[in-house]
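There are 2 protein chains.
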Amino acid sequence: MGPMSTSLACLVRKAQVLYDFTSEPGNNELTVQEGEILTITNQNVGGGWVEARNSRGNVGLVPEDYIEVNHGSTQAAATQHIDAHDQGYNNSSADTKGVNGNEAWTATTWSNNNPADNWNYTEQEPAGNNGSAYSFDEEWDDDSDDGKSTGGYGGSQAGEVGPVWLYPQTQLDCVVADPKKGSKMYGLKSYIEYQVTPNTTNRPVNHRYKHFDWLYERLVEKFACALPIPCLPDKQVTGRFEEEFIKMRMERLQGWMSRMCRHPVISNSEVFQLFLNYRDEKEWKIGKRKAERDETVGVKIFSTIDPELPEIDPTQVEQKYETYSQFSRSMDNSVKELLAVGHLHWKRCTGPLQKEYRQIGKAFQNLSSVFNTSGYPRESTLTEALTATGKTYEEIADIVAGQPKKDLHFLLETNNEYKGLLGCFPDTIGVHKAAIDKVKEADHLVATNKISQQDRHTMEKNLSTMSYALQAEMNHFHSNRIYDYNRLMQFYLEEQVKFYETIAEKLKKALGQYTTM
Amino acid sequence: MGPMSTSLACLVRKAQVLYDFTSEPGNNELTVQEGEILTITNQNVGGGWVEARNSRGNVGLVPEDYIEVNHGSTQAAATQHIDAHDQGYNNSSADTKGVNGNEAWTATTWSNNNPADNWNYTEQEPAGNNGSAYSFDEEWDDDSDDGKSTGGYGGSQAGEVGPVWLYPQTQLDCVVADPKKGSKMYGLKSYIEYQVTPNTTNRPVNHRYKHFDWLYERLVEKFACALPIPCLPDKQVTGRFEEEFIKMRMERLQGWMSRMCRHPVISNSEVFQLFLNYRDEKEWKIGKRKAERDETVGVKIFSTIDPELPEIDPTQVEQKYETYSQFSRSMDNSVKELLAVGHLHWKRCTGPLQKEYRQIGKAFQNLSSVFNTSGYPRESTLTEALTATGKTYEEIADIVAGQPKKDLHFLLETNNEYKGLLGCFPDTIGVHKAAIDKVKEADHLVATNKISQQDRHTMEKNLSTMSYALQAEMNHFHSNRIYDYNRLMQFYLEEQVKFYETIAEKLKKALGQYTTM
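Chains A and B are the protein sequences, given in the same order.
Under the working numbering, think of the first position of the first sequence as 1, with each following residue one higher.
Under the working numbering, think of the first position of the second sequence as 518, with each following residue one higher.
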């Protein structure tokens, strides 16, 4: 059994679109086409609507009657999920213990003024879950898995992944939409307000960019020691066209919010829930003040992790950290390479290549015009075909110039997001490496009576707990990465295939205009 | 009826290839594929072989049993041809007279020492032809034509084309093949000898480049006043690889020879026939000497044209010349534009574009390698798919780099040939314009008693005859041009379609490697 894959599979509810549906602007609706496969992100929207995500990652509302939900497999996955959890908690051979108790874990070097934190799972929490802020679900696959996943984040080849976060049964998601201009100070200051609608309440809340920025600051303060928090989309960027800029920012805020929603720890945090669910200005202001006063921030966050886990050997921990560092550095390089190549290709397609196809088109059309002046009475079939060919190459120029927006855009955006995310890893891993150094010092400190044996043991235990957190986080990262790149590559290749097929089709049509000889 | 189109249609005998056939090198054989349509260029090769031309213009031998000749349509075309000729000669309403008599036409300003020239049609001359060196076939289409040709050189929309050359029933063609190194002066001087095999005798003769050059000089001397003689492929060009250079030169000599063969006046000339048909060194040497002593060269060539044609008004002639000049200038510009764009595109495909696809391929493969180091056990489906995608883009790089040789090459070669041909037009037209100026002077010369009324009339008649020749030549040029560009564009577009389809197919295959979600 692969509990992680199954517990993730249960998050995914697939549906097939039965009829085309075109969204109304501003209603959070999603345009879908017959035969398309959607991921249901919220089935409890009500009023005959469900919320779904398409293969491009766009989320929106679709009429219930227009889709057919694949109940069978979801049911199976959900059942497996429960089984997996039961197994996880009871199977002593799995070398792991269930997460139990709500005790705070006090580190030697960290004070913990706020042990009984209330970051609990919401009412959607899966059976077997408990009140601990961070919960792990560690399991080992047996080899009976067929090695192929049919859904969920990441592949699911058989194999041991180690500790994973406990994921909620229903995944939180939200739609960022409908940007509106607002103004303050009698119109002297104007701003853009985005509508953010979580799939849990389906009740929109409004936020300006500076609110997102506030949320980001809170998340960094609170979680950055344990979890890499990717940067918000650039503040400085000012598009030449305001509308385009707003659209781009909205798209990126959507991407950022979706990534945060996907994270079981972040999405469940009080500050994040406040951001999505506040009911009125008063609740927002009170919540804001409370979040700003939150003291369980920085390394203290580890104190909220359940300590009842088997200890890990510090040498092993160090090796793992080295692996993570190395991986994030390599991936960072690779992502930057892809971005560089992608930007170059974008420029080539919209610049010289487009120009060249246009020149080819013009050259054929000019030849056609010249042929038309021959005075020879048997030209028209050829000149018409040549003109059509020329126009076809001009159309190809447009297609070539427009293509990057269709496929490279998503490839670059996703890689950009990952570049941001990977940029946070060195700091996060740095915190963990500092803890290792402390444990290494411990022998000396005990010998010189600076700390007790008991302190030293606590430090080792802390390190062990931190290591569980980092492993879970790395597993979260890996499974998301596999899911994202799988989706990205499929989308990119689908668009590329369409691109080349469209051009071939157009040229075939032009070819058909010539006389067969 | 459109005698020109029908008389041309009869030259084309189509065959469909029944089975694949791969040529043996050096045997003048042609590799063909099942379903391909060939033009039979010589059905009387014997020994179970026929000579055929494929859509790329390559000519070679194909086993008789491997093809199915479309007898029905050819027969019909041949019959029409005869009818057309009968009509052309007998229909008085056609405002034209049959070409009869073998009288030489003496121009006022040109002496004619060799009036009874023997450039007659060979035994293949069509019924109704006569012994005059140049014969015209002028006709008007009636409107019952459907305006579409199913074959032959050029389209055949209804319309008046004016004078045309009388084309032989079987078109001369030849195969330039099998380049062999020879040496002279005890190996001190080496040269390449090409085998030239005409479809009339199917007996190969050998020629060095300098022989082709000799032939070119003779043709220019003899015909350039009336007919544009395109330059031979460059003498100076030395390829970096001798083999490649020889292959390229052979291909261009083939193109040049085929164009000369297609011209009814040139192909029927004694010097051209000598070049193709000499039986031994002695015959070649005697023939060479005779051709070098030929005095019917330069403007004297017009004296061999049958004079019994209705006179054309000089003003009309001048207008026509202006149209031809204008057309050849415009086409020259257009061809040069196409060449420039084509060369640029070639460079882009084999240079930066290829490099870019290779970089994209490398970037995907690098990402795959990085992913492989994650230590995460569920990578393999994605990393394998990513590697396959990367390799696909490297293959695309190769395809992009190799494509110009497949399609642009033929486009550039053909346009290059036309550039050369168009470069000869100003001189040829210049000769005709000089004749107009002379006629314009005639009034004054008569008034001052420098020439007689009779002389003046002769000059006008000469101009009229020259004008017939140029019109026939322009019609020859136009119909060949329409045929060539039609064939060229079809070939180019077919290859382009294949190119885009191949890439789409490869990307589809890579796409299939990703997990469906």
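Keep in mind that the hints are not guaranteed to be accurate.
Stretch-level coverage of chain B by chain A, calculated; a stretch enters the list once three of its residues show a Cβ under 8 Å from a Cβ in chain A [unchecked claim]:
1) 681-693
2) 742-748
3) 836-849
4) 900-911
5) 942-950
6) 1005-1013
7) 1020-1028
For the record, the hints were derived by calculation from the structure and aren't laboratory data.
For each residue, glycine too, the CB sits at the ideal point set by N, CA and C.
Q. Which of the numbered hints are not met once you compare them with the structure shown?
A. Going through the list in order, the structure violates hints 1, 2, 5 and respects the others.
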